[in-house]
Amino acid sequence: EVKYDEICLKTSFYGKEISYPFLISCMTGGTGEALNINSNLAEVAKALKIPIGVGSQRQVLENNQYLDSFKIFKKVADFIPVLSNIGAAQVACLKSNDPIKKIIDIVNASALVIHVNPLQELLQKEGEPDFSGLLVNIEKITKEIDLPIIVKEVGAGISKNVAKKLLDAGVKGIDVAGAGGTSWAGVELLRKGENSENYFWNWGLPTSYCVRTVKELKKDYDFLLIASGGIKSFDDIAKAIALGSDITASARLMLQKLNSEGIEGLINFITQLFENVKNIMYLTGCSNLREFSKVNLIKQEDLY
105 EVKYDEICLK TSFYGKEISY PFLISCMTGG TGEALNINSN LAEVAKALKI PIGVGSQRQV
165 LENNQYLDSF KIFKKVADFI PVLSNIGAAQ VACLKSNDPI KKIIDIVNAS ALVIHVNPLQ
225 ELLQKEGEPD FSGLLVNIEK ITKEIDLPII VKEVGAGISK NVAKKLLDAG VKGIDVAGAG
285 GTSWAGVELL RKGENSENYF WNWGLPTSYC VRTVKELKKD YDFLLIASGG IKSFDDIAKA
345 IALGSDITAS ARLMLQKLNS EGIEGLINFI TQLFENVKNI MYLTGCSNLR EFSKVNLIKQ
405 EDLY
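In my numbering, each residue's number is its place in the sequence shown (first place is 1) plus 104.
What the hints contain is simulated information worked out from the structure, not anything from laboratory work.
Where a beta carbon is used, it is the ideal one built from N, C-alpha and C, also for glycine.
Take the hints with a grain of salt, since some may be wrong.
[Unchecked claim] Within a straight-line C-alpha distance of at most 16 Å, the following computed EDC-like cross-link-like pairs (lysine to aspartate or glutamate) qualify:
1. Lys268 x Glu320
2. Lys296 x Glu230
3. Lys114 x Glu379
4. Lys361 x Glu147
5. Lys205 x Glu166
6. Lys247 x Asp272
7. Lys264 x Asp324
8. Lys268 x Asp326
9. Lys150 x Glu298
10. Lys398 x Asp272
11. Lys382 x Glu105
12. Lys206 x Asp250
13. Lys229 x Glu298
14. Lys264 x Asp326
15. Lys114 x Glu395
16. Lys199 x Glu243
17. Lys244 x Asp272
18. Lys268 x Asp324
19. Lys382 x Glu365
20. Lys269 x Glu230
21. Lys343 x Glu379
22. Lys178 x Glu147
23. Lys323 x Asp272
[To be verified] The calculated label-pair distances, taken between Cβ atoms and stated as ranges, are:
24. Tyr118 x Lys323: 13 to 23 Å
25. Asn140 x Gly119: 27 to 37 Å
26. Ser236 x Ser364: 36 to 46 Å
Kindly generate the complete structure, drawing on both the sequences and the hints.
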């Protein structure tokens with residue numbers, strides 16, 4: 105017995121109310137084109153009152169050439185959660201947390217994302233496939249930095265065992281970023297002139313599997329579970345929430361819509377995504393996200 109107009113899609117992101125369980129995922133920064141892209145994405149996030157992730161801030165630790173492409177987020181940080189972002193390869197070799205404090209301050213971040221990309225580093229010509237010391241340094245960051253720390257993959261997924269180690273180190277968010285979306289392995293293989301027949305092109309754990317298994321840790325740990333990697337439609341969002349994710353996220357789809365339809369087009373697109381999620385919630389008898397995360401799940405093969 106649900107009244108459609110009373111269905112609530114609002115949720116909390118580390119204490120801040122947001123309109124939808126959705127964030128515009130980390131994309132770009134530190135390039136000539138990034139300032140305009142980030143400015144537009146930030147405007148969309150502010151208009152919708154949803155979080156936004158910053159592209160890797162490694163570049164600003166090396167020079168200030170494209171600093172403005174990151175500082176643009178400070179203009180919206182008082183209104184929405186902004187997520188600072190740095191790579192695991194950089195975290196693994198930290199001697200102090202001063203660089204972390206610097207990138208957080210540049211965007212006035214509400215949380216810090218550490219992206220782990222071992223497959224990309226392995227295949228990248230200029231890659232740094234050395235994560236030794238990473239977990240120890242992550243734990244140091246969680247103890248010294250007074251912000252939630254989120255660890256995200258970039259398309260290969262995070263297993264339950266890895267998630268547990270990260271949570272034990274003090275991490276407060278897991279973005280599984282599973283296989284099913286952009287293949288950064290594929291990007292690196294194309295850069296080297298190889299094709300999709302390479303074994304590692306589709307390497308990784310599917311997003312649905314990661315969400316379903318990592319959510320089991322919620323019995324013992326307090327953390328945000330973020331589903332990204334192949335989130336392309338409203339039913340992907342609905343399924344991810346029903347499987348147990350707190351937040352969903354997308355990057356490539358956001359950029360594609362921004363490029364083709366502009367700021368207003370992207371705002372309308374995200375709004376429509378969640379109108380349809382709301383429709384699904386109504387049809388499954390759920391008045392809020394907590395109820396929706398507990399719906400009975402039926403495997404497609406069991407229907408026939």
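Structure-based check of all given hints:
| no. | hint | result |
| --- | --- | --- |
| 1 | Lys268 x Glu320 | holds, 10 Å |
| 2 | Lys296 x Glu230 | holds, 11 Å |
| 3 | Lys114 x Glu379 | holds, 13 Å |
| 4 | Lys361 x Glu147 | holds, 14 Å |
| 5 | Lys205 x Glu166 | holds, 15 Å |
| 6 | Lys247 x Asp272 | holds, 12 Å |
| 7 | Lys264 x Asp324 | holds, 13 Å |
| 8 | Lys268 x Asp326 | holds, 11 Å |
| 9 | Lys150 x Glu298 | violated, 40 Å |
| 10 | Lys398 x Asp272 | violated, 26 Å |
| 11 | Lys382 x Glu105 | holds, 15 Å |
| 12 | Lys206 x Asp250 | holds, 14 Å |
| 13 | Lys229 x Glu298 | holds, 13 Å |
| 14 | Lys264 x Asp326 | holds, 15 Å |
| 15 | Lys114 x Glu395 | holds, 13 Å |
| 16 | Lys199 x Glu243 | holds, 13 Å |
| 17 | Lys244 x Asp272 | holds, 12 Å |
| 18 | Lys268 x Asp324 | holds, 10 Å |
| 19 | Lys382 x Glu365 | violated, 23 Å |
| 20 | Lys269 x Glu230 | violated, 28 Å |
| 21 | Lys343 x Glu379 | holds, 15 Å |
| 22 | Lys178 x Glu147 | holds, 12 Å |
| 23 | Lys323 x Asp272 | holds, 14 Å |
| 24 | Tyr118 x Lys323: 13 to 23 Å | holds, 21 Å |
| 25 | Asn140 x Gly119: 27 to 37 Å | holds, 31 Å |
| 26 | Ser236 x Ser364: 36 to 46 Å | holds, 43 Å |
Hints 9, 10, 19, 20 from the list above are not met by this structure, while the remaining hints are.
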